[in-house]
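Knowing the structure of chain A, use the given hints to seat chain B on it.
2 protein chains.
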Amino acid sequence: MRRREFLGKAGGLAALASAGALAGCGSPEANGESTGVRDTGLRFHWRMVTAWPHGSPGLGAGAEYLARAINELSGGRISVRVFGADDLVPALEVFDAVARGSAEIGHGAAHYWEDVGPAAQLFTSVPFGMNAQETHAWLYQGGGLALWRDLYRHFDVIPFPCGNTGAQMGGWFKQEIHELSDLEGLSIRMSGLGGEVMRRAGARVVSMAGDDIPEAMRGGRLDAAEWVGPYGDRDLGLHRWGWHYYYPGWQQPSSLVEALINREAYEALPSGLQQAVTHACRVASDHMLMEFTARNQQALDELVSVYDVPVQRFPDPVLASLRRLTDEVLEEMADEDSTAGRVIRSYQDFQSQLARWRELTNLDPSAG
Amino acid sequence: MRRREFLGKAGGLAALASAGALAGCGSPEANGESTGVRDTGLRFHWRMVTAWPHGSPGLGAGAEYLARAINELSGGRISVRVFGADDLVPALEVFDAVARGSAEIGHGAAHYWEDVGPAAQLFTSVPFGMNAQETHAWLYQGGGLALWRDLYRHFDVIPFPCGNTGAQMGGWFKQEIHELSDLEGLSIRMSGLGGEVMRRAGARVVSMAGDDIPEAMRGGRLDAAEWVGPYGDRDLGLHRWGWHYYYPGWQQPSSLVEALINREAYEALPSGLQQAVTHACRVASDHMLMEFTARNQQALDELVSVYDVPVQRFPDPVLASLRRLTDEVLEEMADEDSTAGRVIRSYQDFQSQLARWRELTNLDPSAG
Numbered sequence: 001m002r003r004r005e006f007l008g009k010a011g012g013l014a015a016l017a018s019a020g021a022l023a024g025c026g027s028p029e030a031n032g033e034s035t036g037v038r039d040t041g042l043r044f045h046w047r048m049v050t051a052w053p054h055g056s057p058g059l060g061a062g063a064e065y066l067a068r069a070i071n072e073l074s075g076g077r078i079s080v081r082v083f084g085a086d087d088l089v090p091a092l093e094v095f096d097a098v099a100r101g102s103a104e105i106g107h108g109a110a111h112y113w114e115d116v117g118p119a120a121q122l123f124t125s126v127p128f129g130m131n132a133q134e135t136h137a138w139l140y141q142g143g144g145l146a147l148w149r150d151l152y153r154h155f156d157v158i159p160f161p162c163g164n165t166g167a168q169m170g171g172w173f174k175q176e177i178h179e180l181s182d183l184e185g186l187s188i189r190m191s192g193l194g195g196e197v198m199r200r201a202g203a204r205v206v207s208m209a210g211d212d213i214p215e216a217m218r219g220g221r222l223d224a225a226e227w228v229g230p231y232g233d234r235d236l237g238l239h240r241w242g243w244h245y246y247y248p249g250w251q252q253p254s255s256l257v258e259a260l261i262n263r264e265a266y267e268a269l270p271s272g273l274q275q276a277v278t279h280a281c282r283v284a285s286d287h288m289l290m291e292f293t294a295r296n297q298q299a300l301d302e303l304v305s306v307y308d309v310p311v312q313r314f315p316d317p318v319l320a321s322l323r324r325l326t327d328e329v330l331e332e333m334a335d336e337d338s339t340a341g342r343v344i345r346s347y348q349d350f351q352s353q354l355a356r357w358r359e360l361t362n363l364d365p366s367a368g
Numbered sequence: 001m002r003r004r005e006f007l008g009k010a011g012g013l014a015a016l017a018s019a020g021a022l023a024g025c026g027s028p029e030a031n032g033e034s035t036g037v038r039d040t041g042l043r044f045h046w047r048m049v050t051a052w053p054h055g056s057p058g059l060g061a062g063a064e065y066l067a068r069a070i071n072e073l074s075g076g077r078i079s080v081r082v083f084g085a086d087d088l089v090p091a092l093e094v095f096d097a098v099a100r101g102s103a104e105i106g107h108g109a110a111h112y113w114e115d116v117g118p119a120a121q122l123f124t125s126v127p128f129g130m131n132a133q134e135t136h137a138w139l140y141q142g143g144g145l146a147l148w149r150d151l152y153r154h155f156d157v158i159p160f161p162c163g164n165t166g167a168q169m170g171g172w173f174k175q176e177i178h179e180l181s182d183l184e185g186l187s188i189r190m191s192g193l194g195g196e197v198m199r200r201a202g203a204r205v206v207s208m209a210g211d212d213i214p215e216a217m218r219g220g221r222l223d224a225a226e227w228v229g230p231y232g233d234r235d236l237g238l239h240r241w242g243w244h245y246y247y248p249g250w251q252q253p254s255s256l257v258e259a260l261i262n263r264e265a266y267e268a269l270p271s272g273l274q275q276a277v278t279h280a281c282r283v284a285s286d287h288m289l290m291e292f293t294a295r296n297q298q299a300l301d302e303l304v305s306v307y308d309v310p311v312q313r314f315p316d317p318v319l320a321s322l323r324r325l326t327d328e329v330l331e332e333m334a335d336e337d338s339t340a341g342r343v344i345r346s347y348q349d350f351q352s353q354l355a356r357w358r359e360l361t362n363l364d365p366s367a368g
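Top line first, the protein sequences correspond to chains A and B. 1 is the number of the first residue of the first sequence in UniProt numbering; add one for each residue after it. 1 is the number of the first residue of the second sequence in UniProt numbering; add one for each residue after it.
These aren't lab readings, by the way, just hints derived from the structure by calculation. No incorrect hints appear here.
Put simply, identical chains are the same to the list, so a pair is met inside one copy or across any two.
No more than 25 Å apart at the CA atoms, straight line, and that leaves these computed lysine to any residue pairs for SDA-like: (1) 174 / 199; (2) 174 / 365; (3) 174 / 187; (4) 174 / 363; (5) 174 / 220; (6) 174 / 359; (7) 174 / 362.
Quantities reported herein were computed from a predicted structural model and do not represent experimental measurements.
With the rest of the complex left out, here is chain A (with noise of 0.2 Å):
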C-alpha cells in the first residue's frame, strides 16, 4: 500500500490545509465550514476507477449516476470520467490509486482493501448486523462515518458512504447445504467479514472480481459463489449453472457502497464544490438503494419464473452455527485490533440499541 509520499504523482493539485472540512460527517453546517480554496473558478477534470463491471446494473450504473450528480450539482464544473473494472486498475487496486493520486476518486467496497487493515471490512457488512436504514443512521448520528474517515486518514483517502445493495441473498451452491459440516472443503467466493466466517466453518475462501465469477462456476474452481443479489447475479449470468440459490443473505443484510477521494484532490476544491460531491454522493446513494429496493425481487422473479432457479434456505441451525462464528469473528477482530475494537463497539452499542426499536415497530402478530 501506498501512502502519502505517492501523492507527488496527483496530476499537480495544490495541497491545502483544510482542517475543518467533514468534521460533521457531511451534513450542510459541516460543510459550510469547510476552507477550502479561494473559488477563481476554474474547472476540474477527474477519474473516477471503479471495481464493478462497467455499466453493471446497480454498481457500474451507480458509478455514473454519481458522475452525472456530481457534475450536476458542480454546475458542470467537475466533470468526472468513469472506468470500469481492469479499464485503468483492476477492481481490488481502487483504494491504492485513489491514495497514489492515479485518479481523483474511487466507487467500491470497504472490505475489498485489506491493506486498510481488518476494521476496512466493518465498512461494508457486518454478518447478522444492521440493514441499510439502520446501518445508515449509524454513520450519519451515530459517529459510524467519523470513525471510517479516521480509519483512511492514514492514506490520504476520504470515504464518503455512496450506496448500498440492501440485504444481499446468501450465494449460490453447487451442492444443497443441510449442516454446518456441509461448508466444509467447499471453494467459495465471499468478500469480508461472511468470508471469514465462511474459513472458520472449513470452506476455502477465495477473493475475486466479479467478471471473473462466471467462468470459475463453469471451469470447476468454484464450488459457490457470493456476488450482491438477485438484480446483480442475473446480470453476470450466475443463475446458468443450475446451481441452488440461498437465502437470507446472512453476511450482508446492508452492503454499504464507498465514492473514495483522495484528500489533496478534494482541498483543490472551492468549499462550494467540495459540498456539491458531498451531497451527490449523498444523493447517489438513496438512489442505488431504492434501485437495489425496486428490482432484487424483480429480478428473482425472473430468475424462479425462466430460469427455474432453486431458491432454498439456510437451515436454522445453520444460520444459529454461523451466527456463532460470526460472534467469534468479532471478538477476536477486537482483541487484535484496537482500532478494529472501537468500531466494532461503537457499531454493536448502536444495533442493540435500535434492535428494541426494530421490535416494537414489527407488525407482524406478536411480534413484539
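Same frame as chain A, now just chain B:
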C-alpha cells in the same frame, strides 16, 4: 382551495413552459432535460411555510436543514427564509399558501391537505403499508412520485419527497385498549388514513396541529393522541399526563414528509438551480430519516426510564381488526375516487412484490 388564478401573486416570477422538467422524478438524467430559464445570474429569495412547530426536532429542524441545503447547493443563489406553523399561515394551510404563491415553498405532509382529494393521504402513510425504504423505492422506481405529481398538477404545486419519520408509535391513550370496542367514543387526534380507520372503529377523530395537542390532552378534549413517535412526542411533552404509550404504529409504518414548490417559482429557476433544489430535497429527506432512526429509541428509553411511561403493545386481535378496517377503507376509496384507485393499485402491487423480498431477507429463525 385556490388554483391557478391566484398565481399572479407569486412575487412577479415569470411563468414558463417547462414540459420536460421532472419527467424522470428527480433523477439527474431527468433534470438534465429540464429547460428552466436562461441563467442570467439572478438570485432568488424564497419563503418556506411549514406545518411544524418552529425548530421542532426532526420536522421543524428538517425544514431548516432543507433551507440550508438549498442555499448551499445553489451556491448561495437561493436563500430560503423558514416560517414555523402559524408564523405566516396555520399548519393546515401550507398547501394553499404555496398554491397561491404566498410562499414559494412549503414543508409538510400530504395527509393534511384535505382539499386536494382523498388520494393525498396515500402520499403520507398507508396503514399496514410499506416501510420507509420500500415506500421511497415505490416513489422513485415504481411510479409513485409520478402519480403524486399528477395529483398536485391541477394546483400548480410540485411535491418533492423530503423526509420520512420512519415507523411511528401507535399513540397515547388515557385508558388501556383491550379490545376494539374500547376505541368506541374516544376522542382521538390522528391524521390521514389512520384517522379514517379509527372513525370506523367508532372513535371521534379530531384534527389539530401538533402544538395544540398537549393542552387538548390536559383539558379533557382528547382521550387519545397520535403525533409522531418518541423523538417528536417527548419534545411536545405528550408524556406528561401519565397516559399509555402504544405500539406498533400500525397507522404509519412509514410517514413521508414533502416539500411543496409553487410551479411558477420552480420554473423561474435556471435548470442548474432546479437541479440544486431537487437534490437538496433528496439529501434533506435522507437526513431526516436517519435522524428519526437514530433518535427514536433514545427518546423512548428516556421516556421509560426518566418519566416511567407505560409502553404497551396493542393486542393482536385489535391489530387484526384494524387491518381489516384498513382494507375496507382502501377498497372504498378506490371505488369512490378513480385517482385514489390508481394510486392504491400501484402502491399495493409494489407492496406485494416487496413483501416476498422482505421475507427472504429476514434473519430471524424460521422467518422464511
